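Got chain A; can you put chain B on it based on the hints?
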Amino acid sequence: AQKVTQAQTEISVVEKEDVTLDCVYETRDTTYYLFWYKQPPSGELVFLIRRNSFDEQNEISGRYSWNFQKSTSSFNFTITASQVVDSAVYFCALKGYSTLTFGKGTMLLVSP
Amino acid sequence: NAGVTQTPKFRILKIGQSMTLQCTQDMNHNYMYWYRQDPGMGLKLIYYSVGAGITDKGEVPNGYNVSRSTTEDFPLRLELAAPSQTSVYFCASSNTGTGNNEQFFGPGTRLTVL
Chain A
1 AQKVTQAQTE ISVVEKEDVT LDCVYETRDT TYYLFWYKQP PSGELVFLIR
51 RNSFDEQNEI SGRYSWNFQK STSSFNFTIT ASQVVDSAVY FCALKGYSTL
101 TFGKGTMLLV SP
Chain B
1 NAGVTQTPKF RILKIGQSMT LQCTQDMNHN YMYWYRQDPG MGLKLIYYSV
51 GAGITDKGEV PNGYNVSRST TEDFPLRLEL AAPSQTSVYF CASSNTGTGN
101 NEQFFGPGTR LTVL
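Quick mapping for you: the protein sequence lines, in order, are chains A and B. Using our numbering, the first residue of the first sequence is number 1, and each one after it goes up by one. Using our numbering, the first residue of the second sequence is number 1, and each one after it goes up by one.
None of these hints come from the bench; they were simulated from the model. No experiment lies behind these values; they were computed from the predicted model shown. Treat the hints with caution; some may be incorrect.
[Unchecked claim] Okay, derived cross-link-like pairs now, DMTMM-like style, lysine to aspartate or glutamate, Cα gap no bigger than 25 Å in a straight line: (1) A/Lys38 x B/Asp26; (2) B/Lys44 x B/Asp26; (3) A/Lys38 x B/Glu59; (4) B/Lys57 x A/Asp29; (5) A/Lys3 x B/Asp26.
This is chain A alone, in the form it adopts within the complex (with noise of 0.2 Å):
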């Protein structure tokens, strides 16, 4: 069975200060996907990023970035410079060869 632990349950943070979401997963198969999803107050679900177990390179993508490694079995997830927009629940989710499991999720706070 496959698993994701997001331990970080709540962060709060003041504008323009980093934070970074933990994101550690569980798998037995082979060749399997990450992704992370953004759900803010008004509670859709946005599509953020995904990686393949086969590729280890970070990305960067604004003030967005994301550090996967395999030694560890981790994915996580750091967004520079912190604005009040950013305040939304993140989703870390994993797919092998079975279904989407889906962490339980980190609430980010950016204060003014």
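The following block gives chain B in isolation, referenced to the frame of chain A:
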């Protein structure tokens, strides 16, 4: 493209009532999914479909039924509503069933069973 649409957005049911949550996608995706999200929890898969006429159970299927008569529509049926089914329901679709394609989500239906 409207993407994935869900109706209704909100609904209150009494125990024992039945209802159907509607889901439609206009992206010609083969795969469709129903999830539920309970407070403080991630999404759990209820049912999914790999194409018209084919459905399969997910992690938490009890109390629900689905059908897939067309590529576009994937309704979720609650036959005898129970308080444990109070949740936010999300429908999603993807082009394939592999992880190489992300799932696109609808806006959700907030259901309360009293």
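Structure-based check of each hint:
no.: 1; hint: A/Lys38 x B/Asp26; in the structure: holds, 22 Å
no.: 2; hint: B/Lys44 x B/Asp26; in the structure: holds, 24 Å
no.: 3; hint: A/Lys38 x B/Glu59; in the structure: holds, 22 Å
no.: 4; hint: B/Lys57 x A/Asp29; in the structure: holds, 21 Å
no.: 5; hint: A/Lys3 x B/Asp26; in the structure: violated, 31 Å
The structure is inconsistent with hint 5 alone, although it conforms to all the rest.
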